[in-house]
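Number of protein chains: 2
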Amino acid sequence: MPEKRRRPGRRPGAADTRGEILTAARRVFAEKGFDKATIRGIAREASVDPALVHHYFDTKDGIFVEAMQLPMDPAVALPTILAGPREEIGERLVRFVLTLTSDPQAREPVVALLRTAMANDQAVAMIREFLTQAVLGRVAEALGIPPIRLEVAFAQMFGVIMMRYILKLEPIASADLEELVEILAPTIQRYLEG
Amino acid sequence: MPEKRRRPGRRPGAADTRGEILTAARRVFAEKGFDKATIRGIAREASVDPALVHHYFDTKDGIFVEAMQLPMDPAVALPTILAGPREEIGERLVRFVLTLTSDPQAREPVVALLRTAMANDQAVAMIREFLTQAVLGRVAEALGIPPIRLEVAFAQMFGVIMMRYILKLEPIASADLEELVEILAPTIQRYLEG
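Chains as they are written, first to last, in the UniProt record's numbering: chain A, 1 to 194; chain B, 1 to 194.
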């Protein structure tokens, strides 16, 4: 069956090669962290040519996102959220985070990653580096605000997701998305206005 | 040596009895959760008379706080924070949480409890019930605000503590307490104004 999905000319075993690169990437990220991991190092770990890694994945961010099964690549999602009127960025961001995490398939890999991080200092370092490089640094620079304000905004959304989906506190666990947007958007807006 | 610390008339072995009650309480809370645990059930698990449990601990809250080595009993700390001008409650609460968690000895048992909770659904239920009964319900009632607003405020402080002490994101991990109070107090104030 999988034969049918192959593009013509793709060499046999290619589907597995991609999976092997991702497995190797998970090992490299866990051992080296995000900052010190390189496409070259991941290629070496997977015993393939670095050009093949580049063929499958554009960037190190992209490999991380797929290796951890994250629901979106910040490099792709952030520009859309950051575009649009600055005075509504709080609402756009809150709505984006709540909508994304309301889908269990999108949420579960993120929750799994957080659980690992809580129990494991190496995983903490990897997540900290990815967050700083791929998410927080990028947004703080795009908006021209002090990074601490963005971290506090991130902490608010992180806390809400934890209460809603892990601790399952009521009423926040069953609250309507729009009710949460109304409460949270002014907070995030104030932080991001700098 | 421990003999010297005993009050006159205290029966031999009392120091161990207290420890045995706490060990039994940890088992009962883990198995039954906070809501369904009773002083009678803890006494039975420890093979002591319920009156002895009451002799050592005033309330179920008090047993939980000591069993989990929490740095303070909400029943004791909350009235002080809730007293005082309502228009400064945001600042008082932020300052209290940040000051308390800045002491590693106070912080570590809380972090340990959170780590357990992340990995274990039974621990999640126990913490959810304690938080709801002993902290959030009490504050929401005292302030007369909708519980969801208090949960969002709690989520903000929880997220900040996670970023500061577990994820160790910079600059929030090294930020001055007063800088954080300035950023966070207006948020908490807005939530708690209802």
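Treat the hints loosely; a few may be bogus.
[Stated by the list, open to error] In silico negatives: residues of chain A with every beta carbon more than 10 angstroms from chain B: (1) ASP16; (2) PRO74; (3) ALA75; (4) LEU100; (5) GLN122.
[To be verified] On the chain A side, residues computed to face chain B include the following (Cβ under 10 angstroms): (6) ALA119; (7) ALA142; (8) GLY144.
Keep in mind the hints are simulated off the structure, nothing from the lab.
Please read these numbers as outputs of a predicted model, since none were measured by experiment.
Note that beta-carbon positions come from the ideal geometry of N, C-alpha and C, so glycine has one too.
Honestly, which of those hints from before does the structure not fit? Those not satisfied are hints 7, 8.
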